[in-house]
Amino acid sequence: MTTTAIAVSGLRKAFGDKTVLDGIDLEVPAGTVFSLLGPNGAGKTTTVNVLTTLMKADAGTVRIAGHDIGTQTKAVRAVVGVTGQFAAVDELLTGQENLQLMADLKRVGSGEAKRVITGLLERFDLAEPAQKLVSTYSGGMRRKLDLAMTLVGNPQIIFLDEPTTGLDPRSRRIMWQIVRELVADGVTIFLTTQYLEEADHLADRVAVLDQGALVAQGTPAELKRQAPGSHVRLRFTDAGELDAAARVLLGSVRDNEDLALRVPSDGGVKSLRSLLDQLDEHSINTEEFSVHTPDLDDVFLALTGHASIEEQAR
Amino acid sequence: MNTDSVIMLRRNFKHTVRNPTAVFNAVIFPVVLMLMFVYVIGRAFNVGVKYIDYSTPGMIVLAICYGLSATALAVNSDMTKGIINRFKVMDISRSAVLNAQVAATMLRSLIAIAAILGVGFALGFRSSANLGDWLGAIGIILAVSFAASWLTVALGLFAKTPESAGMALVPLILLPFLSSAIVPVAKMGTGIRQFAEYQPFTPIIESIRGLLSGAPSGGYALAALAWCVGITLVGYLWSLSTFKKRA
Numbered sequence: 001m002t003t004t005a006i007a008v009s010g011l012r013k014a015f016g017d018k019t020v021l022d023g024i025d026l027e028v029p030a031g032t033v034f035s036l037l038g039p040n041g042a043g044k045t046t047t048v049n050v051l052t053t054l055m056k057a058d059a060g061t062v063r064i065a066g067h068d069i070g071t072q073t074k075a076v077r078a079v080v081g082v083t084g085q086f087a088a089v090d091e092l093l094t095g096q097e098n099l100q101l102m103a104d105l106k107r108v109g110s111g112e113a114k115r116v117i118t119g120l121l122e123r124f125d126l127a128e129p130a131q132k133l134v135s136t137y138s139g140g141m142r143r144k145l146d147l148a149m150t151l152v153g154n155p156q157i158i159f160l161d162e163p164t165t166g167l168d169p170r171s172r173r174i175m176w177q178i179v180r181e182l183v184a185d186g187v188t189i190f191l192t193t194q195y196l197e198e199a200d201h202l203a204d205r206v207a208v209l210d211q212g213a214l215v216a217q218g219t220p221a222e223l224k225r226q227a228p229g230s231h232v233r234l235r236f237t238d239a240g241e242l243d244a245a246a247r248v249l250l251g252s253v254r255d256n257e258d259l260a261l262r263v264p265s266d267g268g269v270k271s272l273r274s275l276l277d278q279l280d281e282h283s284i285n286t287e288e289f290s291v292h293t294p295d296l297d298d299v300f301l302a303l304t305g306h307a308s309i310e311e312q313a314r
Numbered sequence: 315m316n317t318d319s320v321i322m323l324r325r326n327f328k329h330t331v332r333n334p335t336a337v338f339n340a341v342i343f344p345v346v347l348m349l350m351f352v353y354v355i356g357r358a359f360n361v362g363v364k365y366i367d368y369s370t371p372g373m374i375v376l377a378i379c380y381g382l383s384a385t386a387l388a389v390n391s392d393m394t395k396g397i398i399n400r401f402k403v404m405d406i407s408r409s410a411v412l413n414a415q416v417a418a419t420m421l422r423s424l425i426a427i428a429a430i431l432g433v434g435f436a437l438g439f440r441s442s443a444n445l446g447d448w449l450g451a452i453g454i455i456l457a458v459s460f461a462a463s464w465l466t467v468a469l470g471l472f473a474k475t476p477e478s479a480g481m482a483l484v485p486l487i488l489l490p491f492l493s494s495a496i497v498p499v500a501k502m503g504t505g506i507r508q509f510a511e512y513q514p515f516t517p518i519i520e521s522i523r524g525l526l527s528g529a530p531s532g533g534y535a536l537a538a539l540a541w542c543v544g545i546t547l548v549g550y551l552w553s554l555s556t557f558k559k560r561a
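The listed protein sequences derive, respectively, from chains A and B.
Heads up: the first sequence is residues 1 to 314, going by this note's numbering.
Heads up: the second sequence is residues 315 to 561, going by this note's numbering.
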């Protein structure tokens, strides 16, 4: 049984005459992680703000857990939790009091609240500073507390807007672990990120947002297939060597600026050996030799047009 | 009782306790001002009655206004920090945050008013008001505090930065000085006198003064209440519309 947690169609939003979202369509099945990937200014936060009822869309429909965000706003608010880019915590309260505030507002009974709060403090590695004012917390601690506050009351659909931006590696791993645990419990996660690694690790489906439009959508594996294939990159010390190599290696692509050559290859030992043999045979000196297999970075760059040097040279 | 507003009030209460300097400021400054006027400057004034009896009602209103700056800052910092977005996304009453700020402000000003009255009595303030007069005076004081709090919440919401929120309140804090709080309007120069006569704080202070001296004036009381209702409405509606606009 799969139900749709988030269904968006034809979503548009403009600020003045600047179009921020230009017709977004997406669907997120319940109990999965959906990652919206895009560079700064692509419209990720605006998307989250509209989907969580903070902003009104100019056009399009959005249904969250079956509720229309325009007409059933209260029902939507009851099922979603949001952790934004900037920690939404109360600095003049302690960590514990922040969580208690959430428990009160969500009408969690006092015995249950105590259990939930203790559990969350442990889980987020915040038990020790729980009685300290949040104004003394580091940025990473605030982000963790922010997510912990979002989890009070067990929201079914959680929006995480760049949850790990600016976190240290340890905190980032805690965040990732918690996202996995939440999904295992059946929660739907809508995650925005600039980090492909993060989307690759966590997401069931990824959509790439660029300048207000989705330029690609699919599983991480599907998207990787859209990237340029794996290749070997050779760099030379002078143009003569580059010319010679380009004549010998069929199907290679030159990058004159970098004195580099890009040779299609499956990256296997056999084909690499034969490539090296060819270079040897023609006495071509190679300054640098590297094997590239596509990752989401390649997809991202290829799709958003903010291409790397290799992409531009093609 | 566990409504959203009460939960939010508890939050503001903790803020107040955590920030004792704000309370200290709100109490100490009006008291110092009162001592200064009664002991140092007031002796030179001839207001027809004992100066402490004349000035206490004005000091009460000064204390209300002076305590507002903490509210403007608190409202503004709520809006400029992320916490407000969290509240807005939750299924809670839209105005709970604002109601709580108003309630917390009124509680803080009641503490300051109690201090002013305490110091006033210690300095020889005597009232010939009966119980009804006292209740009337308290009613007007609460109405003024309520109205000023809503206006302050609106200003705090409207200001883009904490600095401008503080600046926006300066007129409200200065306005009582240009009323009959310190000296009777009749003793002021032309121009300033007309201004003082028609600004809200003169009827407000005169009505409290009348009630506390046991000689209530219906006209002033009516004008005071009308001003309070008007200011409350403007503050409330302005607050709600600004709150909705600022995400």
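Watch out, some of these pointers could steer you wrong.
If you want the footprint, here are the derived chain A segments under chain B, 3+ residues with CB under 8 Å [claimed, not checked]:
| id | region |
| --- | --- |
| 1 | 48 to 60 |
| 2 | 73 to 80 |
| 3 | 99 to 110 |
| 4 | 210 to 218 |
Derived by calculation from the structure, the hints in this document are not laboratory data.
We treat Cβ as the ideally placed atom computed from N, Cα and C, and that holds for glycine.
task = Of all the hints given earlier, name the ones this structure violates by number, lowest first.
result = 4
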